[in-house]
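Asker: So you can see what is in the structure, the chains are spelled out below.
Number of protein chains: 2
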Amino acid sequence: MSELSLLAGGTGTPKLLSGVRRLLDPETIAVVGNTGDDVEIGGHLVCPDLDTVLFDGGGVLDRERWWGIDGDTTATHDRLQELAAEAGLDPGPRYLPPAAQTSGRRIAQHRRFSGVAEFMKIGDHDRAVHVTRTGLLDEGYSLTEVTRLLADAFGLDISLLPMSDDPVASIVHTDEGPMHFQEFWVARRAEPAVENVEFRGAKRATATSAVREALSAPVIVGPSNPVTSVGPMAALDGLTAALTETPVVAVSPFVGDEAFSGPAPELMRGTGRDASTAGVAEAYPWVDAFVLDEADPTELARPTVRTDTHLGGPEDAERVARVALTALSEVGAEVAVEGER
Amino acid sequence: MSELSLLAGGTGTPKLLSGVRRLLDPETIAVVGNTGDDVEIGGHLVCPDLDTVLFDGGGVLDRERWWGIDGDTTATHDRLQELAAEAGLDPGPRYLPPAAQTSGRRIAQHRRFSGVAEFMKIGDHDRAVHVTRTGLLDEGYSLTEVTRLLADAFGLDISLLPMSDDPVASIVHTDEGPMHFQEFWVARRAEPAVENVEFRGAKRATATSAVREALSAPVIVGPSNPVTSVGPMAALDGLTAALTETPVVAVSPFVGDEAFSGPAPELMRGTGRDASTAGVAEAYPWVDAFVLDEADPTELARPTVRTDTHLGGPEDAERVARVALTALSEVGAEVAVEGER
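Protein chains in written order, with our numbering: chain A, 1 to 341; chain B, 1 to 341.
Just so you know, not all the hints are guaranteed correct.
One copy or two, either will do: identical chains are not told apart, so a pair holds if it fits within one copy or between any two.
[Stated by the list, open to error] In silico lysine to any residue, SDA-like type, Cα no more than 25 angstroms apart, as pairs:
id, residue 1, residue 2
1, K203, R273
2, K203, S142
3, K121, G140
4, K121, D72
These aren't lab readings, by the way, just hints derived from the structure by calculation.
Work the whole structure out from these sequences, hints included.
Answerer: Listed below in structure tokens is the structure:
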């Protein structure tokens, strides 16, 4: 049973987690990972947000990029580019045909890409994780069970939970048509104008029982992208209800209207929100208190604690984590800090 | 339109092909590759017999092993072993569950393995071929079309044709139960006692039109394993009829009752045949003439030409190829040799 749970996207929350780990017994921390930006590529389910936590917990994350494995080689990936060029094949991203998007392995629905010219850079050691994960899924394990097995292999001391064992695909509708988030972000660098974001499958998807249990503990929402990192979780049936009932603190991924990184501004504007801390607060009606940067001029109607929220390294992360725990205590959730109990 | 076609398994015929290429314009040679020992592993269709010809034609074959790519690395494969061990997973071979054997991509039916602890050694550059092949299959290309695209990428000057675009799985029935040929051979080193060999799916599989056209030319059956290399082809509807109508020469993979390599003896005995040149002749009623080793004491009722059939290198292969063409001419098929036309 976790004492604290984090909702995690790809970069901000994993960075914050490194600070939370310094304050709490890792065994009492649960991380609920977004799976909306997962894709099947070349027949393998790639779970970028889960993997960042997995690799970081295993001590092998490339912390320059905050994805992939440090020092990994890319022999297969590079050869895939060459082969496609030599065969005269368009590098894509190459979606599988429409009929294939709703057949094949269920968890990959609406996000199936051919491996031809692999548009996401997958390292050789990284690939072994996707092959193992997909093999286990095909053998009949749920994504939750697979993630637990991988966490064992990587020696994780926290609990890592995919938000759902059902498929949810984050589709960005743009002026150039709909595309999966990974096409929008990795292949197109967030250039197409965002018109809307859809979490395809979310209506039929449920949070796992492990996630529902984790959300009975106090929750920190790290400085992740509210639209495509936290949005898919919030779209799950009953999840915002659970968040409404438990104390939740969010760390803003903005300083006023400046984002730290990633496509958050474009996605916020494209979904009709302010690209700012104010917009984040509006997107998170179930958050009880906020951690804002000391330079953030935003005034919110909910409790607010300020610190330097720039996460340059573990010391920063520890400071922000400590402030987040303070904010939680202000809304009634006392989380025991190691050495201070 | 080919002037000469070869039926190819994994080692003997590709070796012979290097000699045939020296005698004929490569553009006039078609190689029909066995696909009965293909497997899907880790979500990718691996076609060992096609790939040996593909890689050799592209100048990258590991000619020590006669499979895989020369100098290839195995970062992903090695990491798959570690990950499975770290997660406490049995290394297998791990078949997908029975229901999955008849769902998923059709061409992989009855031979679907999980990628967990990958029981076949797949190199990193090699893997890019399987990812590309499978991506194209999933996009809707036939195996014949995919093979042509890969042949273009590798710069092949011969025609390489999979025997069928339908699934045929070579299942070896043993005293330890049924297992796919690759489990029997790669994982079990041909140790279980063979009771029978089944080409699952062959009754519903057809040779492609490209193969039927290629088999209107004279045919050489190289010194491949008659049971699992040539057997799947012979099991296809109409294929032995086509072979009966065209001149066919076979090079025996035995010297009397000694096999050159591979599991041919066990498989011949297990399917009720003599593990010998006599048994091969019995298995090939549609062969018009044979090339036997000069030390082979077998006397056959059909035309026979002898030479040293040991294929140690390209000179050997050229000599055996020349003798095979001589044998073809003895049964009425004149194939124009380069520089001798």
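Asker: Could you run down the list of hints and mark each one as holding or not?
Answerer: Checked hints:
no., hint, in the structure
1, K203 to R273, "within (22 angstroms within a copy, 60 angstroms between copies)"
2, K203 to S142, "within (19 angstroms within a copy, 36 angstroms between copies)"
3, K121 to G140, "between (27 angstroms within a copy, 24 angstroms between copies)"
4, K121 to D72, "both (11 angstroms within a copy, 20 angstroms between copies)"
In this structure, every one of the numbered hints holds.
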